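**Q** These are the residues of each chain, in order.
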Amino acid sequence: MSNTVLSIRNLVVDIPTRHAVLRPVDNVSYDIAAGEILGVVGESGAGKSMAGNAVIGLLNRPAHISGGEIWLNGNRIDNLPREKLRRLRGKDMGMVFQDPLTSLNPLLRIGDQLTETMLTHLDISRSEAEKRAVAALEEVGIPAAAERVNSYPHEFSGGMRQRVVIALALCAEPSLIIADEPTTALDVSVQAQIIALLKRLCRQRGTAVMLITHDMGVIAEACDRVAVMYAGRLAELGPVREVIQNPRHPYTDGLMGSTPLASKGQKRLRQIPGSMPRLGRLPAGCAFNPRCPKAQDACRIDPPPTMEDGRAACLYPIEIEKKVPA
Amino acid sequence: MSALISVSELTRIFDVSKPWLNRVLERLPKRFLTAVSDVSFDVDEKTTYALVGESGSGKSTIGKMIVGLLPPSDGHVTIGEVDLAIERDKQKIDQARREIQMIFQDPYASLNPRWKVRAIINEPVAARGEDTNGLAERLLEQVGLSAEDADKYPHEFSGGQRQRICIARALSSEPKLIVCDEPTSALDVSVQAQVLNLMSDLKDEFGLTYLFISHDLTVVQHMADKIGVLYLGRLVEEAAPGDLFENPRHPYTQMLLAAAPKMDGFGREVEPPKGEIPDPINPPSGCAFHPRCPIAVDRCKAERPKIRQVGGSRVACHLAE
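Quick note, the sequences are listed as chains A and B, same order.
1 is the number of the first residue of the first sequence in the working numbering; add one for each residue after it.
327 is the number of the first residue of the second sequence in the working numbering; add one for each residue after it.
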C-alpha cells in the first residue's frame, strides 16, 4: 500500500507472571496508510488496547514486546530507547484515550497544556504557539476559543473535554493518532459529534488513525478497514464493508450476529456459546475452536494460518457465495 | 391488559446546595436539581417497558423510586392496588415490595464478595424467614449455571456469569416486576446477547414484567414492547418500538436516532447533533429541548408542552402531529 504510516509485523507482547508467560498480543500484523482509519475491534481482553499501547511504547511492566517489529514512517520504533520514544510521542504519534479527565492535567489551563506540547515538539515561538492553541481549539469546535484557552479541564463537559484532548493530540501535527475507545464514556449524541470531528480532521490532514473500540456501529461508520481480534490474535482483517456484510471468520460472523442492530425483528439474538478463554488457558490450535460451530479436528492442533486473500485466520472460512449480497 | 405499575406525575428534586456554613459565608442561595419532572406512564402486565435517555435524563432515578430506594418528591407510584407513597398498612407495603426486584448495571459491585452464591440468591427469601431449601440450586440451573456453583464465591465468575447470578437473586422471591438498570452495559456484545436471550426466556417462563432502563437504543429496540424517551428528567415521547424507530415524532427522538451509529452506515456523513444537554439545575424555560431544537418557535420558549396522544404515540411537543 502506498504511503504506509504505521506497519506492525508479527507483533508479540508477553507478560511474565509467577506461573506462566501470558501472551496478550500474539503474532499480529497490520498496516495503516496516510489518511486511513483502521478500526480494531474485539471484546474485553482481546488485546486490542495492548497492541495500541505497544505501538506508542506505553506498556506497563512487566508487559513487554518480545517479538516482531513496529515501523513508523519507515523507521523502526519498537527497539528505540525510552528517551527517543518519548520525543516521538506527541510529535509523530498522538493519543486519545477513553477518559478525557485522566489525559488532561487538572492543574493547568488547557491553553498552557496545548502550548507546552507545541513548544516541546515544534520549533516555534511562544506567541506563535499561543496563537495556534486558539486556532486548534476553534478547529475542534470549542465555542469562544479565545476565552476558553484560559479555562481549566474541570470547567468543560465530557464531550468538550474530549475535543480538547483531540486538539492536544493533533496540535503537533502527528502522522498517526491512536484513539482508544474515544467515545465509550460519552452519550450517543456527543459520540456522533466526536466521531464526525475525528473523521474530518484526519481526512483533511492525511493523519492515519487506529480507532480501538468495541462498538461495531462506530466501526461501520468511521473506518476504512477493520481488524477483528480474538484472544490476542488477529481473526480477520479487511475492508469494513466486506468484513461486516460478508464475514469470513466464524467469530466475526458470530460477533456481527449477536449485536441487536443485526437482529431486525427476530425474537432471539444469535449468541456465541461460552465466553472468551482466559489468557493462561488458551486451547491448543485456533483459540476460537471450543466456541466455533464449524470447528473440526484440524482446528484443535495448530493455530490457523492467514487465508490466501489475507482476510481471515481460519482453516474453514465461511464461503462468500453462500451469503446473499446486501 | 391491566397496568401492573402506574407512575403519575412523578417528580424528584435533589438538594445540591453547598453546606450551610458555606452558604452563609459566601451568601449563596440554596440550589435544587430536578432529576425527574412530572413523569407519568403505565407498565402493562407481562410486557417490557423501556426507558431510554442520555446521562442525566433521570432514567435511573425513576427506577430507584419505583423499587423504593428513593422516595419521590411529588407524584405517585402505584403497584397493583397499592400506592407506596400513602399506604400505611405495613403488610400491604411488604406484599407490594416483594413483587419488585432490581438488577443493577455493575455485576461486580452488586454481589457481596464475602458471601457464597447460595447465600446471595437465598437472601431475599431468607430475610422473610421462609424455606430456602434447594432454591439456589434450582435457580442457578434456570439461569444457565450449574447447581454446584452455589458453593462458590462471586470472584470465581466472569461478568456475564455474575449478571446471571444477579438475575437468579432477583427471581428468588418470585417477583412480578424486575427493574433492570442497564443490565448489559458492562458486558461484551456476545455475552450481552446471551444475557438478553436469557431474560426473554425467563420473561415467558415466569410471566415477568420488565422495566428496562438503558441508553442503548439497539438493545431497547430488541427488548421493549413500549419505549419511553427521557430528556432532562421529562418524558418526551412514548411509543411502541416499531412506531418510534420508523416514525419518531419528537425532535429529540429524531436527533437521537439519527446520531446512533448504524451497522450499514458505511462512511455515512451525519450532520452531528448540535449542543449538549443543558444544566439540570437551571433548565431552559418552556420545553427543555428548545435551545437545541431545529424547529423551535417562540411558544416553545415560554410554555412547557404537555404530553399528548398523537397517532399511536404520546408526545410532549407543541409542534408534533
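To be clear, the hints were calculated from the coordinates, so they are not data collected in a lab.
Owing to the predicted nature of the structure, the values given are computational and were not obtained by experimental measurement.
Don't take each hint at face value.
Within a straight-line C-alpha distance of at most 30 Å, the following computed DSS-like cross-link-like pairs (lysine-lysine) qualify [stated by the list, open to error]:
#1 A:Lys267 with B:Lys372
#2 B:Lys372 with A:Lys131
#3 A:Lys267 with B:Lys502
Not everything, but these chain A residues come out facing chain B in the computed CB check (under 10 Å) [stated by the list, open to error]:
#4 Gly42
#5 Leu58
#6 Leu59
#7 Gly159
#8 Gln193
#9 Asp215
#10 Thr259
#11 Arg270
#12 Pro273
#13 Leu279
#14 Pro283
Idealized CB from N, CA, C, for every residue including glycine.
**Q** Look at each hint and say if it fits the structure.
**A** Here is what the structure says about each hint:
At roughly 16 Å between alpha-carbon atoms, Lys267 (chain A) and Lys372 (chain B) fall within 30 Å of each other, so this suggested pair holds. Between Lys372 (chain B) and Lys131 (chain A) the CA atoms are separated by roughly 62 Å; this puts the pair beyond 30 Å, and the hint is violated. Between Lys267 (chain A) and Lys502 (chain B), the direct Cα distance comes to roughly 22 Å. Compliance with the 30 Å bound is thereby established for this hinted pair. Taking 10 Å as the C-beta contact cut-off toward chain B, the hint placing Gly42 (chain A) at the interface holds, the least distance being around 9 Å.
With its C-beta approaching chain B no nearer than about 24 Å, Leu58 (chain A) sits outside the 10 Å limit, and its interface hint is violated. Because the beta carbon of Leu59 (chain A) sits about 23 Å from the nearest beta carbon in chain B, more than 10 Å, this interface hint is broken. For the restraint placing Gly159 (chain A) at the interface with chain B, the shortest Cβ-Cβ distance is roughly 6 Å, inside the 10 Å limit, so the hint holds. About 4 Å separates the beta-carbon of Gln193 (chain A) from the nearest beta-carbon of chain B, less than 10 Å, and the hint is met.
Restraint check, Asp215 (chain A) versus chain B: the minimum CB separation of about 7 Å is within 10 Å; hint holds. For Thr259 (chain A), the shortest C-beta to C-beta distance to chain B is roughly 5 Å, which falls under 10 Å, so the interface hint holds. Interface restraint check for Arg270 (chain A): the shortest CB-CB distance to chain B comes to about 7 Å, inside 10 Å, so the restraint holds. A least Cβ separation of about 8 Å between Pro273 (chain A) and chain B falls short of the 10 Å threshold, and the interface hint therefore holds.
Checking Leu279 (chain A) against chain B by beta carbon gives a least distance of about 13 Å; that is not within 10 Å, so the hint is violated. A distance limit of 10 Å between C-beta atoms decides the matter here; for Pro283 (chain A) the minimum to chain B is near 16 Å, and the interface restraint is violated.
The structure shown violates the earlier hints numbered 2, 5, 6, 13 and 14.
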